[in-house]
Amino acid sequence: MLTSIKTNEFAGNKGKELGMMYFRVAVILFGAQLLMGLIAAIQFLAPGFLFELFDFSVARMVHINALVVWMLYAMIGSVYFMLSDETGHEGVAIGLGKLAFWVLTLAVTVVVLVYIFIQVGPGKESTIWLINEGREYIEAPRWADIGIVVVVLIFYWNVFATYMKGQKTGIMTVMIADLLALAGLYLAGMFFTDNISMDQFWWWWVIHLWVEATWEVFVGTLAAYALIKIIGAKREIVEMWLWIEVLMLFGSGILGLGHHYFWIGTPEYWWEIGALFSALEPVPLVAMFVHVLYDWGKEQGIAKAEGKSGSVMNNGPAMAWIVTNAFGNFLGAGIWGFFHTLPQVNIYTHGSQFTAAHGHLAFFGAYATILIGMFYMGVQYAYGVKVLRSTFKSKMGIFLVTFGVVGMTVALTIAGYEQVLVERAELGGGWSAFFAAQELPWFVQAMVWRAIMGVVTFVGFVYLVWDLLTIGKQAKAAQEA
Amino acid sequence: MFGLIEPFTDVNHSFFGMLNQGPLTLTIFLHTIIILPMFWIYFSEKKRLNK
Amino acid sequence: MANKNVSVWTSIPFWRRSAAWVTGFATILLIWLTFDTLGQITMGTDADLKNGVDKRVPAATVINYKIDYKMSTKRGHEVPVIGGKQLFFGKEWSAKEAADLLHLGKLTSQAKNCMNCHTLLGNGAYYAPDLTKAWLDPAWQNGGPLQGMTGKNTVEEAMAEFLQHPSQYPTHARMMPNLGITADEAKGLVAFLKHMSSIDTNGFPRNFSKTVDQFKSGGTNAH
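Residue numbers (the numbering used here), protein chains in the order written: chain G, 520 to 1000; chain E, 12 to 62; chain R, 357 to 579.
Treat the hints as calculated values from the structure; they're not laboratory data. Positions of the beta carbon are idealized from the N, C-alpha and C atoms, including for glycine. There's no promise every hint is true.
[To be verified] Residues of chain E placed beyond 10 Å of chain G at every Cβ, according to the derived structure:
| no. | residue |
| --- | --- |
| 1 | 13 |
| 2 | 57 |
| 3 | 58 |
[Claimed, not checked] Some, not all, of what chain G presents toward chain E, calculated at C-beta under 10 Å:
| no. | residue |
| --- | --- |
| 4 | 755 |
| 5 | 757 |
| 6 | 766 |
| 7 | 774 |
| 8 | 791 |
| 9 | 795 |
| 10 | 796 |
| 11 | 806 |
Modelling step: build the complete structure from the supplied sequences, incorporating the hints.
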């Protein structure tokens, strides 16, 4: 992956080359996210660790911001990567796209350095313009918000103009519409109000309509593209599934937003809207899961009937991550989300480690997995490898990362359960109730397990990066031999 | 009756708040107006395919 | 009618049209609901407070009133109850002064990144206590351990003192760090917290802080 910067394997496909640039930064930010998570996990066990130097709030802010930004990088990279395959053009203004890439990367670097070294500012407008906006997930200061909007406009124009010029596949049509919504929603998070209820109302427009609507459709689109590329699935079938997924994801996800409006000052009617629409959110995730495994089995069956031996996959590690995505999306976003989506349950689970458990498995299962799959597709293309097979490092990477994240999720679920029963149900959620519950052995043990599983995840990440850096070169050497 | 139809208790009156008084009436209303036109889409598509 | 058995269920145009309809219409419904909700969560006015008009989010001058959080048999859960007048930092705040103070407090809550340790209205991080009803927490009231620790006589003064020197008043091994909060900013933050406790959150958190003392003494609800 690294040497592909120098080699000229792209055969002049500038769009794919730009996609790879985004992928590389995404991997680095992914690493930063894990390191920050480890610091925060240690602080739960040893609160004195880096106290008043690098507090939990800072570690946690960089943890979740690195997460969001690496995923957006990988998503932009994926779109540039698939552009030429879907439209038949490699992108109308890739040079401008590269400039936008460097501007964005510079801005992200400055924002992160300010987060780390300046951390907080005085209670003035200048702080939210220059240092941090203090709104979970979208902390980026206002100047950076505006920069992001400009960069995203360049990106969107690039993709849209290419789409208009080239062939218009179903996959690309969904992508174009989805990206417009995804980019537009960011604007809902760019204002200040003294009214905390109003603040959180619009804040959820960005967060929910990203991760439970537009990002999910984005994943459906990527999976459709990847299935065609990796196992040679039929486009007609894949695109029909994609439209069904769009129907169900947006049908449940848009009004499913209501499950965030139970307790923030909004009217009671959101209980019923949020509960029933969001309860349907797992349905499309089951469909996506069935779709991936069914298509894989079908293509394999056809190949066997035709007397071909061996696998239909031309990219083992990418397919492994996409199958993990099918499982993880359903389990993390679907099941773990449904656990606490009904208001009768949520009044006790809201704001507990339950949410953290869901967050970890959902972001990983729904997004990290398929984006890592895209990294492997990038490597395969960059080295011109016909069939990329999993290595020992690929297997260690996927096993340890998945095992680690599932382990963290289980630990956090147990911690959340204890918190819900003791702090909320029994003690009613005040200051002393909070700390009484944090001290109970079941909570502390869960936090120890979470830290251990965090380390497991990190070791898996090291294998993953090592594999991404070496697998292409090795496979190419083997191919030529 | 079994507390399924509730008096209006929320702070402000609104159309959605009123629908919320009956058993799942609000969510059934919203689901129905979303799903119902799909029947029309279905039959118009069937007509088109049969041609 | 030669093709009577043709299936619509495998027709891409059918699914594409359905997806477009459902997405578009769900969006329209969401926008409609949003307008309805925005009207209900807009901040009330000082006149509303004086006339006893119930608002989900009262005006900033709610800091001049006593706030309680009580079970409502009508609503079926706890609701904030705005009572008689109560001085805040020893005075009654005009509408303009109260709004400015709340503005400073909300801005400070963002500038100091409160939400990445605490939860506000239940949203944020889970490293420190939820602040939704912190103003009403028994620990900060007269006779409560947090107020006692600061040596102050009112909730607002105790909270403001703690916010300016949090690591001088450790409440737990997990301490709040010193964030350089000034005296004015601390006042603003306390106003922000008091205002937040007056927001009607449909009964969240439930059963707020009722039985901590019983639990701590190892007791049960049985007599």
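Hints, one by one, checked against the model:
1. Non-interface call for residue 13 of chain E relative to chain G: holds, since the shortest CB-CB distance, roughly 17 Å, exceeds 10 Å.
2. The Cβ of residue 57 of chain E lies farther than 10 Å from every Cβ of chain G, with a closest approach of about 16 Å, so its non-interface assignment holds.
3. Listed as outside the interface, residue 58 of chain E is consistent with that label: its C-beta sits roughly 20 Å from the nearest C-beta of chain G, beyond the 10 Å cut-off.
4. The interface hint given for residue 755 of chain G is violated, since its Cβ lies 15 Å from the closest Cβ of chain E, which is over the 10 Å cut-off.
5. The closest approach between the C-beta of residue 757 of chain G and any C-beta of chain E is roughly 20 Å, which is over the 10 Å cut-off, so the hint fails.
6. At about 9 Å, the closest approach between the beta carbon of residue 766 of chain G and any beta carbon in chain E falls short of 10 Å, and the interface hint on this residue holds.
7. Proximity of residue 774 of chain G to chain E holds as hinted, the smallest CB-CB distance being about 7 Å (cut-off 10 Å).
8. About 5 Å separates the beta-carbon of residue 791 of chain G from the nearest beta-carbon of chain E, less than 10 Å, and the hint is met.
9. With a cut of 10 Å, the hint placing residue 795 of chain G at the interface with chain E holds, because the nearest CB-to-CB distance is about 4 Å.
10. Taken as an interface hint, residue 796 of chain G checks out: its beta carbon lies about 7 Å from the nearest beta carbon of chain E, inside 10 Å.
11. Restraint check, residue 806 of chain G versus chain E: the minimum CB separation of about 16 Å is more than 10 Å; hint violated.
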